[in-house]
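Protein chains in written order, with this note's numbering: chain A, 156 to 400; chain B, 156 to 400.
Wrong hints could be hidden among the right ones.
If several chains are the same, the list does not tell them apart, and a pair holds so long as it fits within one copy or across any two.
As the list claims (entries may be wrong) - With a Cα cut of at most 27 Å, we get these calculated BS3-like pairs of lysine-lysine:
hint, residue 1, residue 2
1, LYS337, LYS252
2, LYS252, LYS222
3, LYS257, LYS318
4, LYS391, LYS296
Derived by calculation from the structure, the hints in this document are not laboratory data.
Given next are the chains, with one letter for each unit.
Number of protein chains: 2
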Amino acid sequence: MYIETRTRSILKAISWRILATLTTMTLVYAFFRRLDLAAAVGVLEAIIKMVVYFGHERVWNRVKFGKKEIPSFVVWFTGLPLSGKTTIADGVYERLKKDGIKIQRLDSKDVRSLFPETGYTREERNRHIKRVGHLVSILEKQGISSVASFISPYKESRDFVRKNVRNFVEVYVKASVDTCRKRDKNGMYEKAIKGEIKNFTGISDVYEEPQNPDIVVDTEKLSINEAIDKVYNYVKDKFLKNGRI
Amino acid sequence: MYIETRTRSILKAISWRILATLTTMTLVYAFFRRLDLAAAVGVLEAIIKMVVYFGHERVWNRVKFGKKEIPSFVVWFTGLPLSGKTTIADGVYERLKKDGIKIQRLDSKDVRSLFPETGYTREERNRHIKRVGHLVSILEKQGISSVASFISPYKESRDFVRKNVRNFVEVYVKASVDTCRKRDKNGMYEKAIKGEIKNFTGISDVYEEPQNPDIVVDTEKLSINEAIDKVYNYVKDKFLKNGRI
Chain A
156 MYIETRTRSI LKAISWRILA TLTTMTLVYA FFRRLDLAAA VGVLEAIIKM VVYFGHERVW
216 NRVKFGKKEI PSFVVWFTGL PLSGKTTIAD GVYERLKKDG IKIQRLDSKD VRSLFPETGY
276 TREERNRHIK RVGHLVSILE KQGISSVASF ISPYKESRDF VRKNVRNFVE VYVKASVDTC
336 RKRDKNGMYE KAIKGEIKNF TGISDVYEEP QNPDIVVDTE KLSINEAIDK VYNYVKDKFL
396 KNGRI
Chain B
156 MYIETRTRSI LKAISWRILA TLTTMTLVYA FFRRLDLAAA VGVLEAIIKM VVYFGHERVW
216 NRVKFGKKEI PSFVVWFTGL PLSGKTTIAD GVYERLKKDG IKIQRLDSKD VRSLFPETGY
276 TREERNRHIK RVGHLVSILE KQGISSVASF ISPYKESRDF VRKNVRNFVE VYVKASVDTC
336 RKRDKNGMYE KAIKGEIKNF TGISDVYEEP QNPDIVVDTE KLSINEAIDK VYNYVKDKFL
396 KNGRI
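Excised from the complex, chain A in its bound form:
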C-alpha cells in the first residue's frame, strides 16, 4: 500500500506554482514590456490561483462522475485431472494482471503442497474446497480478485464457494476421461486404473459435472490460446467494461 506524503504534495504544488506563475509573467512581459506590472500580475496570480485551485478541488471531490469501481471477482476453474485447468488459469491470470487488476492466483498443487495432510475422501475434499472458498471470499471483500484452479469434483463445495462470493465465474474445463488419459505423461491415470492411486477423480472417484457453469471450455475443440481468450473476454465483458484501467 503506497501513500503520497503531505510533504510531497506541498512540494509539488509549490514547484507547479513557480513554473506556472513564471509562465504568466513571461507572457505578460512579452505583450506589455513592463517588468514591474508583469511582477505584480505574477504575485497576484500566485495568491488568487491557490485559492481558486483549492475551491476547484473541493467541488470536484463532491462530483461522482468518472469515478468507477472495478468489482473484484473470482474465476473458478473446475474439471478432471489433466483437463487443462492450470494452464488456462495461468494464462487468464497473466492477462488480468497485465491489465492492472489486483489479483491472486490459487492452484490446487500449491495449496495441497503447503498442507500435505489434506486427504482425498469426499469429506476432506469438500473441506479443502470450502476453505479455499473462504479465502477467496475474504480477498474479494478486500478488493482483490482471484483465479483459482481446483478439480473441485463435488457440487456441494462448489456451491459453497458460489454462495460466499459476490462475483463468481464458474469455468468448466471439459475433456473426456479418455482425452485426459492420453495427455497424461506421468502415468497418473494408469496408476489410478491399477488401483495404486485411490480416489482418483474420473477413475475411482466421481466428477459431478457442473450443471450451470458460466463458461464451458471444451479443450478437445479449443486450443489453449482460444480457451484463454474465451475466459478472459467473458471476464472483461462482465467486470471491466467501459474502458481500460
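Given the coordinates of chain A, assemble chain B onto it according to the supplied hints.
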C-alpha cells in the same frame, strides 16, 4: 478497487484550465485595461500551460521523494480462553481501520463457526492455525494487514505463521488460569474441569507460553483501553512512522 476514468481527468483538466485562464485574463485586464491583449495572453497561456503541466507531471513521476510504502503486517493475539484476546484485538482493529489502513479482522469464533468440523486435538489445532497463517500471509502479500485472535496454544503452528509472514507481531495476552476462570460467565472453565468439554486449553490441554513475544499484555494489570493503546502504539511506531496516512 476504484479508478479515475480518463474522461474524469480530462473534464477536470478542462474545467481547471478555464478557471485558471479566466483568472489570468481578469488580472491582465485589471492592470492594462486592454481586452484584446488580455484575450491574447489568455489563449497563449492556455496552450503553453498545458505543455508545461504535462512536463511537470512527467518529471515528478520520476521523483521518488515523498512516496512512502506502508508495509502490511499481521498482529497475532495468542492467549488462554477468556484472557481478553478478542476484545483487545477488536479495539486495535478499529483504530487501525480509522487510520485508513487496509485491514482484515480474523477471530477464532468466526472461522470455527464457518468450519464447525474443526476439532481440538493437537493435530487439528495446528492445522487450523496453519491455514489461518496461509490466509494472512496471502493477504499480507496483497498489501492487506490482519488482526488475528486465536488461542493458538502450540509453538509449532505459531512459528509456522511467523515464518510465512514478513511483518509478524506476536501479542501474548497474559492472564492466569484463575483470573480467566473468574471472568468466565458462561461456565466454560467449570465444564472443562468437570470433563464436559475435552481438550480445553489451560485445564485439560497445554498452553505453550510464547518465549519471545513482541508484546506482552498483562490483562491482570492493564485496563482494556491501556492494553489496546499498548498494542496500537507498538504497531504505529513500527510500521506507520513518519506521519499520518
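Q: Run the structure past the numbered hints and jot down the numbers of the failing ones, going up.
A: Violated hint (a single one): 1; every other hint is consistent with the structure.
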